[in-house]
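Trainee: We have chain A already, so just place chain B on it with the hints.
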Amino acid sequence: MIKTLISLFALILFAGSALATPLAIEQAGPGIYVHHGVLEDLAEGYHGDICNVSFIVGSKGIAVIDTGGSFNTGQQLHEAIRKISPLPILYVINTHVHPDHIFGNAAFVQDKPAFVGHARLADAMERHRETYMRINQTWLGDGFAGSEIIKPTQVVQDSLELDLGDRKLQLTAYPAAHTNTDVTVLDSKTSTLWTGDLLFVERTPSIDGDIKGWIDVISKLKTVPAMQAVPGHGPVVKAWQTALDNEQRYLSILLNDIRASIKKGEVMESAMGTAAASEKDKWALFSIINRRNVNTVYPALEWE
Amino acid sequence: MRQTKFMACGLLAAGVLLAYSGGAWAEASDKVWPLVKEAFFAGKTIEESPLIRLEGPRRAESGAQVPITLTVDKSLSDADAIKKIYIIVDANPIPLAATYYFTAATGKPQLSTRIRMETDSYIHAIGETADGKLYMTAIAIRAAGGCGGTVDGNDAEIRAVAGKIKMNVESPVKFGDATAATFIIRHPMRTGLQRDLVSQGYVPAFYIQKAVFTYNNKPVMNVDFGVGTSEDPYLRFNFVPEGPGALEVKADDNEGKSFTKQLEVNG
Chain A
1 MIKTLISLFA
11 LILFAGSALA
21 TPLAIEQAGP
31 GIYVHHGVLE
41 DLAEGYHGDI
51 CNVSFIVGSK
61 GIAVIDTGGS
71 FNTGQQLHEA
81 IRKISPLPIL
91 YVINTHVHPD
101 HIFGNAAFVQ
111 DKPAFVGHAR
121 LADAMERHRE
131 TYMRINQTWL
141 GDGFAGSEII
151 KPTQVVQDSL
161 ELDLGDRKLQ
171 LTAYPAAHTN
181 TDVTVLDSKT
191 STLWTGDLLF
201 VERTPSIDGD
211 IKGWIDVISK
221 LKTVPAMQAV
231 PGHGPVVKAW
241 QTALDNEQRY
251 LSILLNDIRA
261 SIKKGEVMES
271 AMGTAAASEK
281 DKWALFSIIN
291 RRNVNTVYPA
301 LEWE
Chain B
1 MRQTKFMACG
11 LLAAGVLLAY
21 SGGAWAEASD
31 KVWPLVKEAF
41 FAGKTIEESP
51 LIRLEGPRRA
61 ESGAQVPITL
71 TVDKSLSDAD
81 AIKKIYIIVD
91 ANPIPLAATY
101 YFTAATGKPQ
111 LSTRIRMETD
121 SYIHAIGETA
131 DGKLYMTAIA
141 IRAAGGCGGT
151 VDGNDAEIRA
161 VAGKIKMNVE
171 SPVKFGDATA
181 ATFIIRHPMR
191 TGLQRDLVSQ
201 GYVPAFYIQK
211 AVFTYNNKPV
221 MNVDFGVGTS
231 EDPYLRFNFV
241 PEGPGALEVK
251 ADDNEGKSFT
261 KQLEVNG
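Chains as they are written, first to last, in the numbering used here: chain A, 1 to 304; chain B, 1 to 267.
Excised from the complex, chain A in its bound form (with noise of 0.2 Å):
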């Protein structure tokens, strides 16, 4: 009976795999591929594809960047990988832990890669588990199938080198910031950044870390000497300068006003409403976004 049933899981699995569509992939850079995500908010309407999900074809193999929000999305990705290259999966490395970027992972167990995430990332899995695995089954119904936490089995404590042959990627690791989980990922070889959540291209940026933080590792990020970047949302950009400085502007204005807010003793829900607001037409889900972060930052500023 249990061997029956496993063997109909087997078949299940496989049916799924074989019938994966690829996910539309563009090529950055010589052995870069990046897919981005479509524009939806992480609640309803979400279908689990909402970020960047990129590979990295290297001479002895691959690393994939973040997984999408299912084990659908992942894979969907492992097909578009191996329309490319048949070369082994090396490493898959989680930027942060929000479920859009991490939900895919269970897609590559098969490939036994090493798992690659921030010091804090396994904790910070554990703790949002039982949320997670509750919310995304809501939100996306059978679509979540498969769909598990699949924690790192080699961590970045402050930076980490990883070899793919003819190129190396340095992953760095950042106190709190977008999370307490972020990581960035440096290609040598086309000189190609991979920010995480830490750079929004055009989605409103979504704070759930430290806003006095990620505006300092904004900083850092600048100094940072790459030709590109792929943000954990939007398209790659070359003036990718510029998109951090637009968004450290966001973030600047934002954590001003909720200052300002708290200074003249209003109550959150009117921050809600008007903190930022000369921010509202250069950002997508601006609406939406903008009041989830003065909800999540407003309290914690009240100590300041």
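It is worth saying that the hints were derived from the structure and are not from the lab. Ideal placement from N, C-alpha and C gives every residue a C-beta, glycine not left out. Check the hints yourself; a few may be wrong.
[To be verified] Listed next, the stretches of chain B that the computed footprint assigns to chain A, with coverage defined by at least 3 CB atoms under 8 Å from CB atoms of chain A:
no.	region
1	164-176
2	207-220
[What the hints assert, rightly or not] With a straight-line Cα cutoff of 30 Å, these simulated DSBU-like cross-link-like pairs (lysine-lysine) come out:
no.	chain 1	residue 1	chain 2	residue 2
3	B	Lys84	B	Lys210
4	A	Lys264	B	Lys37
5	B	Lys166	A	Lys263
6	A	Lys189	A	Lys151
7	A	Lys264	B	Lys174
8	B	Lys261	B	Lys166
9	B	Lys261	A	Lys263
10	B	Lys84	B	Lys108
11	B	Lys108	A	Lys264
12	A	Lys263	A	Lys280
13	A	Lys264	B	Lys218
14	B	Lys166	A	Lys264
15	B	Lys108	B	Lys164
16	A	Lys212	B	Lys166
17	A	Lys264	B	Lys133
18	B	Lys108	A	Lys263
19	A	Lys264	B	Lys44
20	A	Lys222	A	Lys212
21	A	Lys189	A	Lys60
22	B	Lys210	A	Lys263
23	A	Lys263	B	Lys250
24	A	Lys263	B	Lys164
25	B	Lys218	B	Lys257
26	A	Lys264	B	Lys164
27	A	Lys263	B	Lys174
28	A	Lys212	B	Lys164
[Stated by the list, open to error] Here are a few chain B residues that face chain A, going by a calculated C-beta distance under 10 Å:
no.	residue
29	Glu61
30	Gly63
31	Ala64
32	Thr119
Mentor: Relative to the frame of chain A, chain B by itself:
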């Protein structure tokens, strides 16, 4: 006593699950309220009343800090005044977020606070008069993930700052009129439902359970907090200071510690 209370919550949670299992998802369910009502007000009649008003977001931006405002359009000096308000989040694992006890110095109750919401839910405000009559209003709020999940940071550091109080009165104060006071107390308000990564069990509940506000030593308002009140409990409430004096608060946590703060009010 405490044991019984928590057991009742456990049973309630099971009932909530049952009530939810019917539909695929979403939208606050009105099937939960009858179960919650029986747990808290068994056999009693609760009349819907337009005098009690609740305001909150239709969809909460953060389940951890959902801002709500309560107003009661009836003065505490009326003979049939509403003396006490329960704030109940139907679908929370521990539904009772707070109970507010008003006095003549409250005037007409108006207060804003921030609550935790684990999932989409109705919020009920239940008013009770001196002779035990019950009135209610309810609003639906969509939300996710405010109760379980994260206990982060260094425990010693969190405990070192726990109990720090900020209090403020909106100026200029007009004596004899409704005046807005703001109270925030730094506290993690641990629910007892958050995972402990070391022991693989749950981090024990650790929360502010009571706050007593007085003005010139006369009672203004008492609050019984539950863990459904957000981390760093926040209150903005109206009271009527009769003249210059001192607004005082004494807050107690569930481990027997007390915290106090005094604020001079000089018009």
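Trainee: Hint by hint, say whether it matches the structure.
Mentor: These are the hints, each one checked on the structure:
no.: 1; hint: 164-176; result: holds (count 4)
no.: 2; hint: 207-220; result: violated (count 0)
no.: 3; hint: B/Lys84 with B/Lys210; result: holds, 14 Å
no.: 4; hint: A/Lys264 with B/Lys37; result: violated, 40 Å
no.: 5; hint: B/Lys166 with A/Lys263; result: holds, 13 Å
no.: 6; hint: A/Lys189 with A/Lys151; result: holds, 28 Å
no.: 7; hint: A/Lys264 with B/Lys174; result: holds, 19 Å
no.: 8; hint: B/Lys261 with B/Lys166; result: holds, 8 Å
no.: 9; hint: B/Lys261 with A/Lys263; result: holds, 20 Å
no.: 10; hint: B/Lys84 with B/Lys108; result: holds, 12 Å
no.: 11; hint: B/Lys108 with A/Lys264; result: holds, 24 Å
no.: 12; hint: A/Lys263 with A/Lys280; result: holds, 23 Å
no.: 13; hint: A/Lys264 with B/Lys218; result: holds, 29 Å
no.: 14; hint: B/Lys166 with A/Lys264; result: holds, 14 Å
no.: 15; hint: B/Lys108 with B/Lys164; result: holds, 28 Å
no.: 16; hint: A/Lys212 with B/Lys166; result: holds, 22 Å
no.: 17; hint: A/Lys264 with B/Lys133; result: violated, 40 Å
no.: 18; hint: B/Lys108 with A/Lys263; result: holds, 27 Å
no.: 19; hint: A/Lys264 with B/Lys44; result: violated, 44 Å
no.: 20; hint: A/Lys222 with A/Lys212; result: holds, 16 Å
no.: 21; hint: A/Lys189 with A/Lys60; result: holds, 14 Å
no.: 22; hint: B/Lys210 with A/Lys263; result: holds, 27 Å
no.: 23; hint: A/Lys263 with B/Lys250; result: holds, 24 Å
no.: 24; hint: A/Lys263 with B/Lys164; result: holds, 18 Å
no.: 25; hint: B/Lys218 with B/Lys257; result: holds, 23 Å
no.: 26; hint: A/Lys264 with B/Lys164; result: holds, 20 Å
no.: 27; hint: A/Lys263 with B/Lys174; result: holds, 21 Å
no.: 28; hint: A/Lys212 with B/Lys164; result: holds, 22 Å
no.: 29; hint: Glu61; result: holds, 4 Å
no.: 30; hint: Gly63; result: holds, 9 Å
no.: 31; hint: Ala64; result: holds, 8 Å
no.: 32; hint: Thr119; result: holds, 8 Å
The structure does not agree with the numbered hints 2, 4, 17 and 19 stated previously, though it agrees with the rest.
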